[in-house]
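K.L.:
Sequence:
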Amino acid sequence: MTSGTAAQRAATTTPTRFGVVFALVAAGVAMANLDLFVVNVAVPDIARHVPGANLSNTSWVLNGYTVVFAGMLVPMGTLADRIGARRAYLAGVAVFTLASLACAMAPNLWLLVAARVVQAVGSALLTPSSLGLLLAAAAPQQRPAAIRNWAALSALAAAVGPAIGGALTEIDWRWIFVINIPVGICVVGFGLLALRPSPRGAAGGRIDLLGSALLIAGCVGVVLALVRGNPWGWLSFPVLALLITSAALLSLAVVRADRHDHPALPIELFRLPGMPGALVANALFAVAFGAMLLAIPLWCQQSWGWSAMRTGFAFAPGPLMVPVLTRPAGALVQRLGPGRTAALGATIFAAGALWWIVAVDQRPDYTTLLPGLLLTGVGVCLVLPTLIGYGLHAVPPQNFSAGSALITMVRQAGLVIGVAGLIAVTDGDLHTFTRSGEFVLGAALVSLAGCLPIALKRGPRT
Numbered sequence: 193m194t195s196g197t198a199a200q201r202a203a204t205t206t207p208t209r210f211g212v213v214f215a216l217v218a219a220g221v222a223m224a225n226l227d228l229f230v231v232n233v234a235v236p237d238i239a240r241h242v243p244g245a246n247l248s249n250t251s252w253v254l255n256g257y258t259v260v261f262a263g264m265l266v267p268m269g270t271l272a273d274r275i276g277a278r279r280a281y282l283a284g285v286a287v288f289t290l291a292s293l294a295c296a297m298a299p300n301l302w303l304l305v306a307a308r309v310v311q312a313v314g315s316a317l318l319t320p321s322s323l324g325l326l327l328a329a330a331a332p333q334q335r336p337a338a339i340r341n342w343a344a345l346s347a348l349a350a351a352v353g354p355a356i357g358g359a360l361t362e363i364d365w366r367w368i369f370v371i372n373i374p375v376g377i378c379v380v381g382f383g384l385l386a387l388r389p390s391p392r393g394a395a396g397g398r399i400d401l402l403g404s405a406l407l408i409a410g411c412v413g414v415v416l417a418l419v420r421g422n423p424w425g426w427l428s429f430p431v432l433a434l435l436i437t438s439a440a441l442l443s444l445a446v447v448r449a450d451r452h453d454h455p456a457l458p459i460e461l462f463r464l465p466g467m468p469g470a471l472v473a474n475a476l477f478a479v480a481f482g483a484m485l486l487a488i489p490l491w492c493q494q495s496w497g498w499s500a501m502r503t504g505f506a507f508a509p510g511p512l513m514v515p516v517l518t519r520p521a522g523a524l525v526q527r528l529g530p531g532r533t534a535a536l537g538a539t540i541f542a543a544g545a546l547w548w549i550v551a552v553d554q555r556p557d558y559t560t561l562l563p564g565l566l567l568t569g570v571g572v573c574l575v576l577p578t579l580i581g582y583g584l585h586a587v588p589p590q591n592f593s594a595g596s597a598l599i600t601m602v603r604q605a606g607l608v609i610g611v612a613g614l615i616a617v618t619d620g621d622l623h624t625f626t627r628s629g630e631f632v633l634g635a636a637l638v639s640l641a642g643c644l645p646i647a648l649k650r651g652p653r654t
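According to my numbering, the stretch in the sequence shown is residues 193 to 654, in order.
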């Protein structure tokens, strides 16, 4: 089916039909995003109760997922465009659901880690295909709002995930995985009935297995080096070997993609208007965002002595700013343009970090924490959905999933760099907030610089 036909189908989508698609997408995306945040809270409990586990090796429950998810995103996004977003999305949800069952039943740590890796594969397939499915169902004028609402799902998960994780862990850590099973079954069941078949791209073309393998291995190597840089040492042989090998593999993947008729990495995406700037700005802002996501919860628990559940509820107002302000933020983009809106958001985010540096100290006082949470939440609302929309505005329908996968992968890499950088700067000791806040502030200011070229360009009001 041609992109023109796909566009005509989108243009005739009724509000009711789009609402059904969004509801099914929201359920699957929320499930995958919630899982990430609830597992973070459950790690100490898993280390205590799973045979063969301790706090050190239990980190692979998180790291295994992070590494594979980031590494698989772009190939899975390309696959979704090839086989159709509907088929890819439902397959991703099914894999994620079955892996959740395996996680809940895991008798030891390493089987749990293996099941988490399979979960990551499912998430890497459902995440880009979900946005591809949503954009294909939306009329062109609906797409900016659809992107903002899709991005708001992640923020909502960040807001309620830690609290839900704390509550479920009080019962049993296995419940954080069990809760996914009925959601996944419902999404697949209703999706098979309600979702229309999606158009397939590159009909008759073979999947570039070698290019996919090069891309996956290169991305996995980079993320693994970032995740293990602090414990192994940034100048250690394993980290340097991973980075050098990954650079070589990614270079080969790019060369092959440029020569292959149906590449694993669609090179033409990098040539689209807005995409390079959106990728750079997205990655830079994700560094600040990732550092903040670690710094504040750890500060509340390590320095103020708050429980995981109390910390989760305390942290919630910041991420909740994203869904609350999604509609006004869209209106602001129409008025200012994407570049200026993103630059304003990065400035507000930096103001939140500066507030924490000035106001927060060793005394547990939520009134010193809350203003910074609200400011950073507003900043995230103005930056992330805006940059996603700016990057995707010129992507043709047959590449919706691959385009969203590329942006998500870059953001995921930025989040990992932010976490690793914060730990390196603070030497793992977050009892003095000044250094943590300064790192978040510095990263936010760098991201502001990344938004300025877009702000100075005349671009679409996405």
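Don't read these hints as lab results, they were simulated from the structure. Do not take every clue at face value.
Pairwise CB distance ranges, derived in the manner of DEER restraints [stated by the list, open to error]:
#	residue 1	residue 2	range
1	R240	Q494	44 to 54 Å
2	A306	R527	48 to 58 Å
3	W426	P563	17 to 27 Å
4	R388	R240	21 to 31 Å
5	L385	A306	24 to 34 Å
6	D364	Q494	20 to 30 Å
7	T437	A359	40 to 50 Å
8	R209	I549	43 to 53 Å
9	L644	L427	41 to 51 Å
10	P465	R527	14 to 24 Å
In this text the structure is predicted, and so the values were computed from the model without any measurement. Note that the Cβ used here is the ideal one computed from N, Cα and C, for glycine as well.
K.L.:
Would you mind marking each hint as holding or not holding in the structure?
P.N.:
Status of the hints after comparison with the structure:
Roughly 18 Å separates the CB atoms of R240 and Q494, a value that falls outside the hinted 44 to 54 Å. At roughly 50 Å, the beta-carbon separation of A306 and R527 lies within the given 48 to 58 Å, and the hint holds. Between W426 and P563 the CB atoms are about 35 Å apart, so this pair departs from the stated range of 17 to 27 Å. Remark: the range hint 21 to 31 Å for R388 to R240 is contradicted by a beta-carbon distance near 47 Å.
Take L385 and A306: their Cβ atoms lie about 32 Å apart, and the range 24 to 34 Å holds. In this structure, D364 and Q494 meet the distance hint of 20 to 30 Å, their C-beta atoms being roughly 25 Å apart. A C-beta distance of roughly 43 Å is found between T437 and A359, which places it inside the suggested range of 40 to 50 Å. For the hinted restraint 43 to 53 Å between R209 and I549, the CB-CB distance of approximately 49 Å keeps it satisfied.
Remark: the range hint 41 to 51 Å for L644 to L427 is contradicted by a beta-carbon distance near 33 Å. P465 and R527 have their C-beta atoms about 21 Å apart, which keeps the hinted 14 to 24 Å range intact.
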